Amino acid sequence: MTDLHGAVQALARVPRLIVALDFDGVLAPIVSVPSDARPLPESAAAIEELVALPDTTVALLSGRGRADLAAVSGFGSPVRLIGSHGSEFDDDGSALLDEEQRARLDHLAAELRELVGGQPGVTLEAKPAGVAVHVRNAPPEVGTRVLDAVRAGPATWDGIEATPGKAVLDLSVARMDKGAALDLLREREAADAVLFAGDDVTDETAFARLRPGDVGVKVGPGDTAAQHRVDAPPDITTLLQQLVEARRSGS
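Each residue of the sequence shown is one higher than the one before, starting from 43 at the first, in my numbering.
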């Protein structure tokens, strides 16, 4: 892992910058009830300062549905909210599904309700382009059994994309990931460089798309393609504050 402070100082000098951040485990500490998650106040304040700077785009790139992301983050325009691993990219938050995908989504949701119904601590999160199976609050043996059943069943269907995360398995009928979403955002914003921070395996597709001059920051343990690592969300607060100061001063 290389010098993060120096990388931030260099990044602050680029003409057009994107700051893209995962939400859970990066801006907000992981909590047992997903709807209780909130960004650290100091990180939220730094984001408000960043997005007010010229030629600086801030985006939250999350596995959450876009409406859910808006509710827990408290952010709206001009912060870009990209939900469902990039499947909800439009400003209206809709997923672009054709008739076949919508039928497949209905079938998927019904099958998952049947498969996990009544299992203690297991919850289903409906998203515009898929369903997430959460087992964070389930007894370990229940969580393992449920995820194994989902992997052996609906996750193998044609047209279903399965994305594992921390105590969650996301199933989607749309072929999109955070890396593809980051590429699209970079193109739309004509950015010269990108800072991306994430904590989960789902963020690795974004780290893999970073280019020379970009900065990738992994939060917490685990194998990663990111060049830099920090321990926890408060370290992201510090990073964002340093970036605000450096970009504001033009250093």
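There could be a bad hint or two in this list.
[Said to hold, decoys possible] In the EDC-like style, the derived pairs of lysine to aspartate or glutamate whose C-alpha atoms are separated by at most 16 angstroms in a straight line are:
hint : residue 1 : residue 2
1    : Lys208    : Asp225
2    : Lys208    : Asp265
3    : Lys208    : Glu246
4    : Lys208    : Glu167
Simulated from the structure, these hints should not be mistaken for lab results.
For clarity, every value in this text was computed on a predicted model and none was experimentally measured.
Going through the hints against the structure:
| no. | hint | in the structure |
| --- | --- | --- |
| 1 | Lys208 / Asp225 | violated, 24 angstroms |
| 2 | Lys208 / Asp265 | holds, 14 angstroms |
| 3 | Lys208 / Glu246 | holds, 13 angstroms |
| 4 | Lys208 / Glu167 | holds, 14 angstroms |
In summary, the one numbered hint that this structure violates is 1.
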